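As given, the protein sequences belong to chains A and B, one line each in that order. Here our numbering is used: the first residue of the first sequence is 30, the next is one more, and so on. Here our numbering is used: the first residue of the second sequence is 29, the next is one more, and so on.
Hints are computed from structural coordinates only; laboratory data are not their basis. Treat the hints loosely; a few may be bogus.
[Said to hold, decoys possible] Just some of the chain A residues that point at chain B, by a computed CB distance under 7 angstroms:
1. Tyr77
2. Leu120
3. Gly128
4. Gly129
5. Thr131
6. Phe134
7. Gly135
8. Glu136
9. Gly137
[Said to hold, decoys possible] Simulated coverage check for chain B against chain A, where a stretch passes if three residues somewhere in it have a Cβ under 8 angstroms from a Cβ of chain A:
10. 67 to 74
11. 114 to 121
All of these numbers come straight from a predicted model, not from anything done at the bench. From the three backbone atoms N, C-alpha and C, an ideal C-beta is built for every residue, glycine too.
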Amino acid sequence: GAGVSQSPRYKVAKRGQDVALRCDPISGHVSLFWYQQALGQGPEFLTYFQNEAQLDKSGLPSDRFFAERPEGSVSTLKIQRTQQEDSAVYLCASSLGTGGNTIYFGEGSWLTVV
Amino acid sequence: DAKTTQPNSMESNEEEPVHLPCNHSTISGTDYIHWYRQLPSQGPEYVIHGLTSNVNNRMASLAIAEDRKSSTLILHRATLRDAAVYYCILRDVWGYGGATNKLIFGTGTLLAVQP
Numbered sequence: 030g031a032g033v034s035q036s037p038r039y040k041v042a043k044r045g046q047d048v049a050l051r052c053d054p055i056s057g058h059v060s061l062f063w064y065q066q067a068l069g070q071g072p073e074f075l076t077y078f079q080n081e082a083q084l085d086k087s088g089l090p091s092d093r094f095f096a097e098r099p100e101g102s103v104s105t106l107k108i109q110r111t112q113q114e115d116s117a118v119y120l121c122a123s124s125l126g127t128g129g130n131t132i133y134f135g136e137g138s139w140l141t142v143v
Numbered sequence: 029d030a031k032t033t034q035p036n037s038m039e040s041n042e043e044e045p046v047h048l049p050c051n052h053s054t055i056s057g058t059d060y061i062h063w064y065r066q067l068p069s070q071g072p073e074y075v076i077h078g079l080t081s082n083v084n085n086r087m088a089s090l091a092i093a094e095d096r097k098s099s100t101l102i103l104h105r106a107t108l109r110d111a112a113v114y115y116c117i118l119r120d121v122w123g124y125g126g127a128t129n130k131l132i133f134g135t136g137t138l139l140a141v142q143p
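Let's have the full structure, built from the sequences with the hints guiding it.
Here is the structure:
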């Protein structure tokens, strides 16, 4: 499809396991965002890429969270040594430019840590 | 980032208009007012945005107060598919100080539509 694609859609991880979540933004989109959404809450910003450069990682909750976008297209959010509080929906979003362009969101990756 | 205040929830009847309010008393001159909505089990989607003048598109209308300290999202005829969480967000698109123009979400308004 032409939208933002995320995989896996659902992931169950055992506490302490590492997970990797993938995001395929809309083709040609320069900006890419990651958000975390806990149940009943609004999405919370994690990090932002402009092409391959990670310009803002102010929202990453700990050094267990790492994101990359090495070729300026596909991005991966990695969570090391998962904990129960990491259970959430992880949303990826992209926009065409770097200014006020509309931001398009994927359907999210639902992570449950048991 | 400037904050917004929205009611936690609202109810509407199908095919009636819905007015979703948002207060943003600390809005700055370069803040655009954006509305996104999130349907169940989906990511947020763009609805509408504006700066000073009222705006209309195929989804909704946005009415902005003259002093810009409040705005109202108007759905002209609510349908069951409009049941969602609606977020009012201020967004400084000029990127002062290296801002990334990210969206800062609050908790939004949960709109229930009754048949």
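Taking the hints in turn, this is what the structure says about them:
With 7 angstroms as the threshold, the beta carbon of A:Tyr77 comes within range of chain B, its nearest partner Cβ sitting at about 4 angstroms, so the hint holds. For the restraint placing A:Leu120 at the interface with chain B, the shortest Cβ-Cβ distance is roughly 5 angstroms, inside the 7 angstroms limit, so the hint holds. A least Cβ separation of about 5 angstroms between A:Gly128 and chain B falls short of the 7 angstroms threshold, and the interface hint therefore holds. Because the smallest distance between the Cβ of A:Gly129 and any Cβ of chain B comes to about 3 angstroms, under 7 angstroms, the interface hint for this residue holds.
Taking 7 angstroms as the C-beta contact cut-off toward chain B, the hint placing A:Thr131 at the interface holds, the least distance being around 5 angstroms. Hint on A:Phe134 holds. Least Cβ distance to chain B is approximately 3 angstroms, under the 7 angstroms limit. At about 5 angstroms, the closest approach between the beta carbon of A:Gly135 and any beta carbon in chain B falls short of 7 angstroms, and the interface hint on this residue holds. A hinted interface residue such as A:Glu136 counts as satisfied when its beta carbon comes closer than 7 angstroms to some beta carbon of chain B; here the least separation is about 5 angstroms, so the hint holds.
The beta carbon of A:Gly137 is positioned within 7 angstroms of a beta carbon in chain B (closest approach about 6 angstroms), and the interface hint is therefore held. Proximity of the segment 67 to 74 of chain B to chain A, defined as three or more residues with a beta carbon under 8 angstroms from a beta carbon of that chain, is established by the 6 residues found. Taking a C-beta to C-beta cut-off of 8 angstroms, the segment 114 to 121 of chain B contributes 3 residues in contact with chain A, enough for the three needed, and the coverage statement holds.
In summary, the structure agrees with every hint in the numbered list given earlier.
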